[in-house]
Amino acid sequence: MPASVNSGPLMTLQGILKVLEIGSICVAFSCLAEFDQKYALFWYEDYRSRFDFFMAVFATGWIVVLCVFLTFIFISEGNITTGKNWDILLLVFYIVFVVLFLISSSLIADILRDMYSANWHKIPHRMSSTHVLTVSVCCGFVSAALFLMDSAILYTKINGRPDDESLPDPNPGFYLD
1 MPASVNSGPL
11 MTLQGILKVL
21 EIGSICVAFS
31 CLAEFDQKYA
41 LFWYEDYRSR
51 FDFFMAVFAT
61 GWIVVLCVFL
71 TFIFISEGNI
81 TTGKNWDILL
91 LVFYIVFVVL
101 FLISSSLIAD
111 ILRDMYSANW
121 HKIPHRMSST
131 HVLTVSVCCG
141 FVSAALFLMD
151 SAILYTKING
161 RPDDESLPDP
171 NPGFYLD
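The numbering of the sequence shown is UniProt numbering, which starts it at 1 and goes up by one.
Hint data in this document are derived by calculation from the structure and do not stem from the laboratory. Computed from a prediction, not measured in an experiment: that's the story for all the values here. A couple of the hints might just be wrong.
[As the list claims (entries may be wrong)] Between beta-carbon pairs, the in silico distance windows are:
#, residue 1, residue 2, range
1, R48, G15, 34 to 42 Å
2, N159, F74, 25 to 33 Å
3, R48, N159, 40 to 48 Å
All C-beta atoms, glycine included, are put in the ideal place defined by N, C-alpha and C.
Could you put together the complete structure from these sequences and hints?
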């Protein structure tokens, strides 16, 4: 059966958040890759593990969000599993990645603080390095905020949805023996 595009979810708040998440993660990742390629020679030994951690977290987050987004568009979420289980799985994913994004962005922000302390932002040939790293850190924190918003939406969605056992009886008091 060929895949059909379901563009309806794109106009919801969750659909818009997914597009923004993909974009902010991509910008954060690509800016740090740019910095790593051009300027990391000066910081190689001291901060290599921080760069690698940031890259791994954001690359993994981007791949998973892209898969969720494609599932959101091409497959009805109800076809995967029960709606509540899918939402719980996504909620756990988002909360874990909020923490990982905050940690990795904070580690890179510490490098950025060292660069500003060394007045790299005032040296003409090193100015662009601080700008690129600043954009990467800002997009990292924005990604964490977007994931937090998405997890809040999922949390209210999960708590607002009744379990199958707790559904009210549509015909109370009208039982035939």
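Here is how each hint holds up against the structure:
1. R48 / G15: 34 to 42 Å: 37 Å, holds
2. N159 / F74: 25 to 33 Å: 28 Å, holds
3. R48 / N159: 40 to 48 Å: 43 Å, holds
In summary, the structure agrees with every hint in the numbered list given earlier.
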